[in-house]
Amino acid sequence: MKVSITVNGEQRTDEVEPRLLLAHYLRETCGLRATNVGCDTTSCGACTVVVDGLSVKSCTVLAVATDGSQVTTLEGLAGPDGELHPMQAAFRAEHGLQCGFCTPGMVMAAIGVLADNPDPTDREVREGLEGNLCRCTGYHNIVRAVRTAAQAGPAAGQVPQAQEVEA
Amino acid sequence: MSILGTRVVRTEDPLFLTLGATYTDDLVDHRLTGAVHVTFVRSQVAHGRLLSVDVSAAREAPGVVAAYTAADVDLEPIPAGLPMVPEAMRRQWLATDTVRFVGDIVAVVLTEERYQGEDAAEQVVVDVDVLPAVVGTAQAARDEVLLFPEAGTNVMASFGAPAPSDFFDGCEVVVTQRLVNQRVAPVPLETRATAAAWGEDGRVTIWCTNQGAQQAKTQIAGWLGLDESLVHLVTPDVGGGFGAKIGADPEYAFVAWLARKVGRPTRWTENRSENMLGMLHGRGQDQVVTIGGRRDGTVEAYSLVVDQDAGAYPRVGVILPTLTMLMAPAVYGFPKIHAQARVLATNATSIGAYRGAGRPEATAAVERAIDLFAAEIGMDPAEVRRKNLLEPFDTPHTTPTGAVYDSGDYVVALDRVLEAAGYPELRAEQAARRERGDARQLGIGLAVYVEVTGADTGLGAAESAELEVHPDGTATVLTGTSPHGQGHATTWAMLASDQLGIPVEKITVVHGDTDRIPRGGGTMGSRSLQQGGAAVHQAAVELIDLAKQRAAEVLEVDPADLEVDLASAGLQVRGTPGSGVTFAQLAGSEPLVVQTRFTAGGATFPFGAHVVVVEVDVESGKAEVVRIIAVDDAGTIVNPLLAEGQRHGGIAQGVAQALLEEVLYDSDGNPQTSTLADYPFVSATELPSFELVDMATPTPMNPLGAKGIGEAGTIGATPAVQNAVVDAVAHLGVRHVDMPCTPMRVWRAVQEAQQGGSSS
Ligand code: FES
Ligand code: FES
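In order, the protein sequences belong to chains G and P. Heads up: the first sequence begins at 1 in our numbering, then just goes up one per residue. Heads up: the second sequence begins at 1001 in our numbering, then just goes up one per residue.
Treat the hints as calculated values from the structure; they're not laboratory data. Hints may be right or wrong, so weigh each one.
Chain P is faced by these chain G residues, among others (derived, beta-carbon under 10 Å) [unchecked claim]:
no., residue
1, G9
2, Q11
3, V37
4, S43
5, V125
6, G153
For every residue, glycine included, the Cβ atom is placed at its ideal position computed from N, Cα and C.
Excised from the complex, chain P in its bound form (with noise of 0.2 Å):
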């Protein structure tokens, strides 16, 4: 029996249990010897001239060995990297004339010992004349106080037109509706960290907490102006990204630009606050949802409009908005679709990816327009689903806005999650909540999703792999992805387990190293089994290949005649038990060993629909997540064990996002949330145990069958648990509460629909 599809415990979990994991931090390397501490001093201003840094007191502090400001930087700004930014949007490595965002770095102090930086750091002096700051969308949108006076706008980008103005013509009703997608911090527990040393050949060995060496080592490459054979980039274990940790941060080149400046080698790790202020910050996107279509549950047309908050430099956040529009049709057939985007500068953190990146934003909009517009029809919101959700499809289907779905059943997806809910009787339970007028009610929230992964990411939808065995018996893996809690190397190791029969044990698998691995894309957007497991796949059958070739020469046979036998890790002859060799004898006499590169067919469309179950007091608006049942459909799955772990994941932050978390800023772009004390982090009281229901629909993408995974919680479940909380008091005349959807904000929309205004 294969070993694919069952419940391996990970490898890799023994030495994470009792001595811990290798983090940045963590290391001890001769190279580090020495290392001096940087400490970065940040703008504690949203917005303002900068008119003088003064280090030299700081240089004067117990233990300083240098510290620097702009003047002493010989870099050239920092590349927007994306094409349709402004070139006078870029940042530049300390702030020169002007501050963008608090936490924008005005000057760097470097020391012995680490509590010594943060003494020093207090000496140096910026006088900053303030400036008014942009905060929020629709402010930055007005041109009134300009970012980059030189780029003579707000607006970094733009993509798509206007609806044309007969859009919704004919449509028996139309609903429009403002929403939130609020921005939030991605907040690993481990904090941002790189430590960066030069050897004597001019190389520079940096290593940071990143979810793809080789893509950050070109990005630090590019900065600093080298060629990038003279970086050597290593990713040690690394304490989750959730698309933040994507690509170099700009400090990760800078510590390794100051260990040349200063001849030693450097470190850093930042700490909590100032990872919520300079760490990039996901979602930030303000919504306009219009949705028209019959009285019997028929939409007919449906219009996105976005707006974009990248804060103050451009990063990813300004390509997040496509992705968002190019999954704008989600699940359903709708006949007309508009999608339109507008990115924006604002005087806060910047913008990056976040556990979704652009599609949780478009699944809960589309999944609050649903329900308004069944709410305005007066029709259960399963059943306007139902009736608009594509028919399943088993060859490509191409959406209006060009996404090519490759396979997908989502009106299945929905019935099992309805049945394994007991939708009827939920409903019938909030009913006779209603009719006893019961302080506590009950809300029942829906939304179906699908989603796009693997998706090309500039370097193809592809990833590299090496397979070697060795003569005692193991094998070696390297993989150009790069776990960071996912479990790459337990499953990595199945999937060359179950071709070769060499136990999971003793399979070593291998990431992370730019030197070792020069190619590869890295865990990010749900490509890693998809892409980087159908590699090592394919190494191992390859692998097989060569062996049969060397086996025929030593037992004189044909290579057709020989075939795998699983129990001896080895070949036999066809049918001869016994009759063979080993692999671990094949590798005795010269290395057996294969490189690979697989290509997929394309990106894949995991999909999946998740019932949530809230009691909202309505005396006090505080919702309580009661239950959570959620179909996940990731095509084929190697081990369900890590699957489930990553919905369960994914799942517990859309519940975070939906109800809980949101970055906030006061009017002079003063972060208000800047601790893990003031930033709402869900913890384990908040959330229930989850109830998931298999579902597995293969793609042909790849030879695995296997979709994505890791996202699917955050895109299910967040508009989910919002639709359940707006349900709880709908019958109050409630229609939209935006997210988070805190118990303030319940209270207060059911005192305006009670008090007869509109709840939005």
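Next up, chain G with everything else stripped away, as it sits in the complex (with noise of 0.2 Å):
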């Protein structure tokens, strides 16, 4: 099947099998390979992507089903200078990661935190998050990278795409 999808604001169209599962079309298809795949089950959030300005799981999605959509991936958040995201820049400030399996998706996924709640407490980050594992930061230092964030505005909640919807 025909798919016309946006990723990281660049439009693509591309021949793919129905299964195949937007994870692996942004992977394989795409050579996007930061988005991670974690576990068979929508269970770790490693593939978190943001589809339309909402956080989803890459591997639970088809990628036929995001045709017409604008997906964006941890490689399309830093700006053309190589200006990172407060996003990135909150995780690398507070060592919010350490292997980098799951950063990623867990970037993208505190992103979809901010756009909920601009300003959370330590409590709603985790909640927040909770559907995205991490094995090695004991997530203490992913809870304070998503608050400092959020200290940089709203610009912290928002994909790059979507800021220039707004603009």
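Once you've looked at the hints, go ahead and assemble the two chains, each given alone in its own frame, into the complex.
What follows is the structure in structure tokens.
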């Protein structure tokens, strides 16, 4: 089947198998390998990306179901000059990642948390990230990173495309 | 001011956070062009006679390049690699006549595309005559059903002798308790993955997710019967390991063998379900502790008897109880210690190393025993600990089990954590809640621990490092350690920068490539900083010596008159700023490079104390962790930011084992927890933020004064959480709850205690 999907601001058209998962579409077809697959039961969140402004687990969505959508992955966050998105900057400053495997999904989910609630408490961050597992950090620094990012203002809860739409 | 001891943010993060890391499954390499995908077909029966495996239908499935069974394999069985294990317990690459766990490999399918592999695997017809399964150590010990009839027993190994019958004679109080240190899954978020390609030169390049490329290379070469020079092993970025990625798994070698057999590169990345079956599990000990002493709180004798579940085939699990036995005396000066272990084969996934590997099991046992003893004599558990802790020492202390502790001050660790926790106030709050009969009761759990890190793993307590300064002012560090989240790229750069003045951002750290780094011990057992980091430090010191020789010629001065000028990253004539030459300039004419090998004085023994506060709803049994206060003394800290991260991660895993995690099998040996949907993995909501208290007692074993920090959290937090849960319901008569302390278990313990029975 043919799908037209805007991935990180770039529109592309691909021929895909109907059963192809969005996660594999992004990884194999688009060559965007930041998005990771950590489970096969929609449990870990490593594959989280933003589709039309909502953070979703890309291992649970068929590529064909996102036909016509805007998809943002970790690779689409930094500015053209390499400037880190506030969430990326906060994860770095607070040491919110160790092995980095959960990180792409965690960052995308964290942006979603702030989109819903721009100034969450620790508890609200923890609840917002419940579907994203990390084996390395004990979540302590991830929670701090999300709260630090919140201080950067509304941009921390948005992906670049959303900003363009609003501008 | 030295950069060491400062919170330097990681240099590897910008790439990780923008493009993602490059894990094995992410690799794009011309040598892997046209690679076929490997799909293993695994037994769905725990124990059975393998009557036939038919791959003929699978061979016809779309995209299938080849399909093989045991008959196609020309490799010797996998050696146990452990001298104590009976020869009959070796594993075949693909099961021949018997399957021994759900997950045992019976066939393999090679396809053009990944999805096709799953389809084709379903076409493989496996005929098995089911045998009774051996589940758990108690059944295994009865030897009624044997996994390896030729061995005549399910006992893989045994260590130590029974305690003398008069061991506890003279004790006023003796308490004994069975404890379960349950089987858990390491669950690194990156599952196992490998890729292999043979070159025209007869060499094979193997990429895999692993904690130590050199050790994996040696193993794979041995298994495949290749000279080591023919194997090039590369570990790209690795998505967590926790001990389960130490050494090669048979799958890695087999995928390389398959590449030669089909004449094409091969790739394999398991899914999570396969990972939960195929990757080594951890812990899996049934223990009996007996503790005896006086009513004044003095412990006089302590015995620990371990039955280790090793799973179906011998792996590291066989030797784990020896570490448990070594660390049995823990932080205490008990006059009499007894430890003994037996290792048993069961129809389950093999047991390997998991964060702490044998030491958390020792601490969990003794810290539970102390609490049981305290409850029996009616004394505060902090008081009992204080009474029995070893006095501070700064010359090595040899324990009755032969461990040589390098330095320690356990009393101060305990005092500090109690103070930070506000221990008396917590006890007062607990008393008030008990008085009121609140539904939510407070539990306060303690653990004091000592562990061994940087032990000699057979290669010596040594590590190699190479350091080169380039003419453009950058530098490269080559290390035999192998980070998978620990941040070596930053810390190793800090160690070199501290000596040379070259900024951290200009120092590249290379690891995990056996062609570039032939010797190395990998990252395991918290050895990296104390051995690998110390090697980098030593390399920098040696590089300065080399540079001084060269600069002396250039500047026509005595080398002894030269000193390092950190501001310019070079050398200058003593006390004469601006008189010198930079390291980069010295690298201009001929390479400025040193290779060194650092040998540590011995293992180090980090220690600490944890206090955990839980609230337990006595009506539902649910425990919620509200505070965790931890003192973890790992000697000198090079980068506090990263050391804290290691502590956080370890504590989380400790809490998870105490409250949630457990790999379960039914009585037929069927795994009940083979996905992340049914394995209770800890999420952010079950944890509080952690309160870390610092303490640093440097070790004399290396010039940095550093001990290991990676395992501290699992060792300290696990028993502290368990003790806290038991403490919360102790006033209701509960004395013990096995891990994981699930609501059901806690609720049951309360019910039983209230009906007058014993809770254990
Ligand atoms: S890979 Fe999508 S949730 Fe785990
Ligand atoms: S950083 Fe390793 S899983 Fe989160």
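Here's how the hints hold up against the structure:
Given hint, G:G9 at the interface with chain P, is violated; its Cβ is 15 Å from that chain's nearest Cβ, farther than 10 Å. For G:Q11, the interface hint is violated, the least distance from its beta-carbon to any beta-carbon of chain P being 21 Å, above 10 Å. Checking G:V37 against chain P: minimum C-beta separation of about 8 Å stays under 10 Å; hint holds. Proximity of G:S43 to chain P holds as hinted, the smallest CB-CB distance being about 4 Å (cut-off 10 Å).
Hint on G:V125 holds. Least Cβ distance to chain P is approximately 7 Å, under the 10 Å limit. Here the hint on G:G153 is broken, as its CB sits about 19 Å from the closest CB of chain P, past 10 Å.
Comparing the model with each numbered hint stated earlier shows that hints 1, 2, 6 do not hold.
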